Amino acid sequence: MRATSTSEEQPLLQVEDLAVYFDIGGSFSVSLLTRRIAYVKAVDGVSVDVGVGETVAVVGESGCGKSTLARAVLGLVESKRGSIRIQGRDKATLRHSKDRFKIIQMVFQDPDSSLDPTMKVKDTVSEPLVGLSSMNKNDREKIAIEVLDAVGLDSKFLDRLPRQLSGGQKQRVNIARAIVTEPSLVILDEPTSALDASVQAQILNLLLDLQEKYSLSYLIITHNISVAEYLSDRTYVMYAGKVVEHGPTKAVIKEPRHPYTIALIASAPVPDPKERNLLKVEIVGEVPSVINPPPGCRFHPRCPYAEQKCSSQEPALEPIGPERFAACYFIDKIARTTGKAFA
Amino acid sequence: MQDKSVLDVNELSVAYELKTGAVRAVDNVSMSIRSHELVAAVGESGCGKTTLGLSIIGLLPSPPAKYISGEVNFKGKNLLSLPPDELRLHRGTEIAMIFQEPMTSLNPVFRIGDQIQEAIRLRNSRGKGSMGNERNKRGPLSRTGASATRKQIIDVLNLVRIPDPDRIANRYPFELSGGMRQRVMIGMSLAQKPSLLIADEPTTALDVTTQAQVLKLMRGLMEDVDTSILLITHDLAVASQVADRTAVMYAGQIVEDGDVLDLFSSPLHPYTQGLLACIPSGSKEGMKLRPIQGSTPDLRSIPAGCKFAPRCLYATKRCEAAKPELRVKEGSHRVACYLHE
Amino acid sequence: MKVKNPRTQYVIELLTYNNETKLGFLLVSTIVASAIIIALAGVSILPYDPIEQDVGPSLAGPSLQHLFGTDILGRDVFSRILYATPNDVFVSFVVVGVSLLVGALLGATAGYRGGLLDEALMRCTDIIFAIPALVLAISIAVILGTGVIHMMYALLIIWWPPYARLARGEALRVSHQNFIEAAKASGIGSLRILMRHVLPNILTPMVAYATIDIGSVVIIYAGLSYLGLSIRPPWPEWGAMVSAYQDYLVSAPWLPLFPALVIGIVVVAFSSLGDGLRDAVEAARIG
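Those protein sequence lines, which keep their order, are chains F, U and G.
This note's numbering puts the first residue of the first sequence at -18, with every later residue one more than the last.
This note's numbering puts the first residue of the second sequence at 3, with every later residue one more than the last.
This note's numbering puts the first residue of the third sequence at 179, with every later residue one more than the last.
Among these hints, one or two may not hold up.
Think about it this way: if two alpha-carbon atoms lie no more than 30 Å apart in a straight line, the pair counts; the simulated DSS-like pairs of lysine-lysine are [stated by the list, open to error]:
| # | chain 1 | residue 1 | chain 2 | residue 2 |
| --- | --- | --- | --- | --- |
| 1 | F | K231 | U | K286 |
| 2 | U | K6 | F | K194 |
| 3 | F | K255 | U | K6 |
| 4 | U | K195 | U | K79 |
| 5 | G | K182 | G | K200 |
| 6 | F | K72 | G | K362 |
| 7 | G | K362 | F | K118 |
| 8 | F | K83 | G | K362 |
| 9 | G | K182 | F | K118 |
| 10 | U | K290 | F | K255 |
| 11 | G | K362 | F | K123 |
| 12 | G | K362 | F | K101 |
| 13 | F | K261 | U | K68 |
| 14 | F | K101 | G | K200 |
| 15 | U | K286 | F | K194 |
| 16 | U | K79 | U | K331 |
| 17 | U | K286 | F | K261 |
| 18 | F | K194 | G | K362 |
| 19 | G | K182 | F | K123 |
| 20 | F | K261 | U | K195 |
| 21 | F | K255 | F | K290 |
| 22 | U | K290 | F | K137 |
| 23 | F | K231 | U | K290 |
| 24 | F | K83 | U | K286 |
| 25 | G | K362 | F | K61 |
| 26 | G | K182 | F | K101 |
| 27 | F | K290 | F | K235 |
| 28 | U | K21 | G | K200 |
| 29 | F | K235 | U | K286 |
| 30 | F | K194 | F | K123 |
| 31 | G | K200 | F | K261 |
| 32 | U | K290 | F | K235 |
| 33 | G | K200 | F | K83 |
| 34 | G | K200 | U | K68 |
Covered stretches of chain F (in silico footprint by chain U; criterion: 3 or more residues with CB under 8 Å from a CB of chain U, positions within the stretch not fixed) [said to hold, decoys possible]:
| # | segment |
| --- | --- |
| 35 | 182 to 191 |
| 36 | 208 to 218 |
| 37 | 242 to 252 |
| 38 | 255 to 263 |
These are calculated hints, taken from the structure and not from any lab test.
All values reported here derive from a predicted model rather than from experimental measurement.
Using N, Cα and C, we set each Cβ at its ideal position, and we do this for glycine too.
Whole structure, please, built from the sequences with the hints as guidance.
Written out as C-alpha cells, the structure is:
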C-alpha cells in the first residue's frame, strides 16, 4: 500500500527528539556510597514519523537503540525527554484513555519467549480484548478465532499450547495477538529473525496481506536490510542511539549516503557468488559503547572520511535530497567517491 | 589448488535414539573437502548440518546419537574406526571446531592470553605433523619447552587482526564483544594449524558489519594457515559470499552440491530453487516472495520416497515411491532429483 | 499415551520422565491412597484395632497373623503403623501445601514488583527463616500444649521461607520474558499478570521442590512426635513409635525398626518423585 504524502494528513505516529536513558547505578547501597550515576543512553534524540498506511523500517545493529525506541513508543519504558504523539494526541494524555491499546500494538522479538507457555493459543490471542470493552468470554473467543484464521491458523490450533507449535506458527500467534484489537499501527520487532528462510518468506507475505486487509501501518525494527527493503516505504538508519540517515527505502538502500549506511549496506551478504561484496568490504572497529559514546559524531572512530570537525561537534540531520536526510558533514564529498573506501 | 582430499565422508548415517522414536539426523551423506577449500553446508533448522559437523569431529553425545553406517575419512584414515584416545588427539590439532556462541567456548574465569597459551601448549605437546602416533618425547604433561611465549600469543591475536593485542590478551572474555570473542576462537583454533576447521554458524549471532569482518578474515586465513573450512550455515547468501563449493541439505540428506558459481547460477533441485526464491530482494512492489509451501518434515515419521516430495511442485508418483540418489549432473555439480536424470 | 488435553499430556510426560519418577509416582500414589482409605474407613479395614491390647501375645515377632509383630501390650504393630499413615501424610501435605501457597504469593509478588516491596518481603522472609523449628515447637508446646494441630501450627509458621525464595527467583526469570511485556503492552493490569502469567509459570519447579519437601516434613514431624510433642498415647504415630520402642532395639528389634523403615520408605518415595520431577523440569527448560 503506497504511502500518501504526510503533509496534508497528520502522521499516525510522531516521535520527536526522544531520549531514553537507563540508569545503571547498581544496587541501592552501592550508589549511595559512590554517588556515581551512569546512564546507558540507549536512545539519544531520535525523531521518527509513520504516516497512515505506511510501512517504516528502523534499521541498525545491536545496541543502536531501535528496540528501545519501539518499547518507548509502546509505553513500556519511560523517556527522559522528547514527545510521542499518536494520531496527534500526546502520549501523556493518551495514557488515561483506554484507546491506547487499541491504536498501537507490537509483535515481539523471539516467538519462543513471547508466548506464555501455560496459555492456550485462543486465550493468548483473546487476552488483549479483556481490558478493552465489556465483551464476554464467548465474544472474545469468536474474534480470536477470526483473527487466527486470518493469519492462517485453523481451528485445530485453538487449544494448543506453545510447546506444540513450530517457530512459524508461534510467530503467527504473535501476529494474531497484535492485530486482535484492530490497531492502527503495529510495531514489529525483528519479526523474522528467529525463523528459517522458508518460514520467513511465508510470514513476510502474511504481513503484507494483513496490512491490506486490515489497513495497518507498520513500524518494523530489523537488522536485516533485505527485509527492510522488501517491506518498507521509508527507512531510518540508527547508530549508537541516533538516527544517521533516513529517507525513502529504495533511495537509502540503493544509494546510501551516510558512511555508516554505506558500510551497513555493503556488509549485507548478497546471494550472488559473482558479486562478492563481502570480501571487498573494509570495516574496522566495533559498535561503540552507549554509556560513553565517542564525542562528536558517534561514527567518527570508524569512519574513513572523518576529519577534525567530526570528533568535536556532532552533525545534525540535514536534508540531502528529496525527503532524504543524513547527519554528516561530508555527504557531497562522499557521494562523489561513493563507497570506494568501504567496498 | 591441490586436488588431494582432506576430508572424505562416505555414506554416513547418524541417528538419535529418542524416547519418541529414532530420528535419522544424517542420512547416507557423502561429501568431500579438498585442501584449501571452503565448503558450505547450507540448510534450515533440523536438516542435519550441525549433526554432520559434530560427527566429523567426533563430538556427538553418544547415548542419544548413534553411528549407523558409513565412514569419515580424514587424510585417508577412517575416524570412526579409531579408538577414542586416538580420535582425541586429532581433535583440536588436526580438526578444529568453532561454534555459534563464543561465550560458551571461552572459559569466563581465565584471561584471553591464558586460554590462547593453553591452545598453543597443546599443539606443542602433541608435536605438530603427527597423525596421533607421536608424542613429545618428554611426555604431554611436561612444561619445559612446551609453553607458549608471549610473542606467540600476540601472534595469534595479530593473525585474527585484533587491534591492541597486548591489552586484549590481558582481558577476560566478558570484556570483549561478540565479534572479538569469535575472532579469538578462530585464532585459538587456527593456532593449532588444523587441516580442517569446522565452523558451525560462526556469524549467526553477530551484527552484519561484524559478520562481514569475520567471514572475510576466515576466508583470508585459509591461505595463510593452510587449512580447509567446512562452514555450516542456514544463510545461503553467506555461503555464496565465501564458499568455493556449497552443499544444500534437507532432512538429513544432501540434495544438491557443487561449485558455488554453478549452484547459484543454475540451481537444479526444487528445494534449492525454493530457498533462493525465499530471499527477499527488492521491494514488495516488485516480485512477491514465493515461499515453499508446507513445512519441514517430522524426522520421526519419514515417508518412503523423496523427502521433499510432499512440498515439491514437480513431484510425481516415482518421487513418492523411491528416494532419488545423489548423482553427478555435470562436472562437480550433483543433484538428487528425478527431474535431472 | 496421548491425551487430548495438552496440559494433562504435559503432566503425564513429567510423571513418566524416567524410571525414578515412575517408581516414585507409584509409591507415592500407594501411600496417599492408603492414607485416604484408612482415614475414611477407619479402624474397620485394619487387621486389628490399633489401640486394643492383647490381640496377640506380647512381644511376638513378625508372623502371618501379625506381620510386624506385637508390642509389650500385645498390640498389633502393623495395624498401628497403618493407622498412623493418614496422620503423617495429612500433616506433611498441609504444611507443604500452605507453605507453597504462601511462599508462591509472597515470592512472586516480590520478584515481579521488585523495588522496596521486594526488599521488605525478603527481609521478613529472612527473619522467619532464622527461627529454628525445634525451639519454636517446644515453645508452642509449652504455651499451648502438645498435640497434632499445635505442632502443625509450629511448622506452618516457619516452613514457607524457602518457597518464597524459590518463587522470587523464578518470578524474576519469568518477569523478563517477552510475554509479560506483551501482556503489559495489551493493558493487562499487574494483578492479573501476576496471577495469570507469573504464578502458573513458576509453579512447576516449585511443585518439584515441594514433593521432595514432603519427605522433610515427615522427618521433622516424626522427630517432634519422638520427643513427645505431638500425638498422645495410645494413638500411634511413626516417630512416637520409634521413641516408645527404642528400648527394645536389642530384645525385640522389629518394634523400633518397622516404624523407622516406614518413615524411610515414605521419604524415599517422595524424594524420588520430586527428584525425577526436577530433572524433568530442567530437561523441558533446556530442550
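Violations among the numbered hints, reported as their numbers in ascending order: Those not satisfied are hints 2, 13, 21, 31, 33.
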